Amino acid sequence: MSASAEAEDRILRLWTPLILRLVLLAAVVVLLTGLVLVAVKDPAAYVAHFRRAQQLPSVVDREPWSALLERALHGKPHDVLTLGLMLLTLVPLVRVAFCFLLFLTTRDWPFVLFTAYVLTGLVLGTVLGRIG
Amino acid sequence: MFSILSYLLLLSVLAGFVGALSGLGGGVFIVPALVILAHLPMPVAIGASLISVVATSAGASVAYVRDGWTNLRVAMLLECATVTGAVLGAYLVGLIPTWVLELLFAAMMLETAYSSLKNQDDRPIATGDGFARRLALGGKYPGPDGRQIHYEVTDVPVGAALMLLAGLMSGLLGIGSGALKVMAMDSLMRLPLKVSSATSNFMIGVTAGAGALVFLARGSVPAVVAAPVALGVTAGALAGSRILPRANVRVLRLGFAAIVLLIAAEMGWRAASGI
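First to last, the sequence lines map onto chains U and X. Quick note on our numbering: the first sequence kicks off at 168 and runs consecutively. Quick note on our numbering: the second sequence kicks off at 86 and runs consecutively.
It is worth saying that the hints were derived from the structure and are not from the lab. What you are looking at is a predicted structure, and each value in this text was computed from that prediction instead of being measured. Positions of the beta carbon are idealized from the N, C-alpha and C atoms, including for glycine. Be aware that one or more of the hints could be misleading.
[Said to hold, decoys possible] Pairwise CB distance ranges (calculated):
{"id": "1", "chain 1": "X", "residue 1": "Ala324", "chain 2": "U", "residue 2": "Lys208", "range": "26 to 34 Å"}
{"id": "2", "chain 1": "U", "residue 1": "Leu280", "chain 2": "X", "residue 2": "Gln233", "range": "27 to 35 Å"}
{"id": "3", "chain 1": "X", "residue 1": "Gly228", "chain 2": "U", "residue 2": "Val261", "range": "54 to 62 Å"}
{"id": "4", "chain 1": "U", "residue 1": "Arg188", "chain 2": "X", "residue 2": "Arg219", "range": "45 to 53 Å"}
{"id": "5", "chain 1": "X", "residue 1": "Pro242", "chain 2": "U", "residue 2": "Leu192", "range": "37 to 45 Å"}
{"id": "6", "chain 1": "X", "residue 1": "Gly231", "chain 2": "U", "residue 2": "Thr287", "range": "34 to 42 Å"}
{"id": "7", "chain 1": "U", "residue 1": "Leu223", "chain 2": "X", "residue 2": "Tyr92", "range": "15 to 23 Å"}
{"id": "8", "chain 1": "X", "residue 1": "Leu339", "chain 2": "U", "residue 2": "Arg177", "range": "35 to 43 Å"}
{"id": "9", "chain 1": "X", "residue 1": "Pro229", "chain 2": "U", "residue 2": "Leu240", "range": "38 to 46 Å"}
{"id": "10", "chain 1": "U", "residue 1": "Val261", "chain 2": "X", "residue 2": "Glu196", "range": "14 to 22 Å"}
[Stated by the list, open to error] Beyond 12 Å from chain X on every Cβ pair, some chain U residues (computed):
{"id": "11", "residue": "Ser171"}
{"id": "12", "residue": "Ser233"}
{"id": "13", "residue": "Glu237"}
{"id": "14", "residue": "His241"}
{"id": "15", "residue": "Gly242"}
Based on the sequences and whatever the hints tell you, model everything.
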């Protein structure tokens, strides 16, 4: 491994665990808050949502994220849970974005390209889910 | 509500625990548990499992990265292939009939049982090829005496092709595809086995995350299922990884391979009989 690659490796080993832990912790806190809110505010809705999930062969519910975020901020239990799940899926996205920025600052162009491709793939997956 | 929530949490904790002990990952166990025991449709189980795999990978890979076992450059290069496969696989879940998914799951279980039982020995370190050296893919890992052991990487394009398949299976079936990833890195690209396992663990989060984003954006993962599953599998995996160093891994693997074969038989039967 070259000296510049070793330097990158040291930075990645220092920061990656921290990033992974922070976003994971935030997601777990939001998910636990959501579960407590469901139990306190609307346990019947939880059962209804679960029975619906059991009965439909597949669910498609592409509501606007702005509406979901607004309801979550107002403490609607189901939306807080969904927000927690979204935060959880941000864990890899944030990690790859950090690597992309690091490779960009060190001008490691092949890896700028690889991480940019992975980021594009993650964004494309989201777009496909919204429209496909 | 509490009976449903406790049941989902119990299934998830067990799946995460068994997944960590067996080294197969929680997804292999939580998908059939949700389908067979919680009577949820296969696409819902796949979406919930993918999100739980993201959480488990983020938790488990931290120590390997910190201690120098993970080859970060190899991971980031191969993620190009796994993410492509995972997005395609997760997109196809909405289009492929359930019986095909169940049949694929059964086949994947058979492959997983085989991989977990076959002997995996460290082989001589590869000399590495020009492509891998240009990208500085070689690395080092901590040896038993604390000395750093250098290794090189070879056959990246062939490994990447298998990674594309691993990603596709991950997105289609809601599993981490760790067995396929380790096989590609260990057998084809000649990374040391422990480095392959740690690097696979690290990559699984991004692979599953790519699939999970498709499901979440489509709104096809009910939060009431995915939230307890993610929390439960992560807690179970954490407990399993604490016990793992004291466990007899060989005996455990035999037992879990038997469970995986039973799951394959059940999923195959469901596919054939159209349940």
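Hint by hint, here is what the structure shows:
| no. | hint | in the structure |
| --- | --- | --- |
| 1 | X:Ala324 - U:Lys208: 26 to 34 Å | holds, 30 Å |
| 2 | U:Leu280 - X:Gln233: 27 to 35 Å | holds, 29 Å |
| 3 | X:Gly228 - U:Val261: 54 to 62 Å | violated, 33 Å |
| 4 | U:Arg188 - X:Arg219: 45 to 53 Å | violated, 33 Å |
| 5 | X:Pro242 - U:Leu192: 37 to 45 Å | holds, 38 Å |
| 6 | X:Gly231 - U:Thr287: 34 to 42 Å | holds, 41 Å |
| 7 | U:Leu223 - X:Tyr92: 15 to 23 Å | holds, 20 Å |
| 8 | X:Leu339 - U:Arg177: 35 to 43 Å | holds, 41 Å |
| 9 | X:Pro229 - U:Leu240: 38 to 46 Å | violated, 52 Å |
| 10 | U:Val261 - X:Glu196: 14 to 22 Å | violated, 32 Å |
| 11 | Ser171 | violated, 8 Å |
| 12 | Ser233 | holds, 14 Å |
| 13 | Glu237 | holds, 16 Å |
| 14 | His241 | holds, 16 Å |
| 15 | Gly242 | holds, 15 Å |
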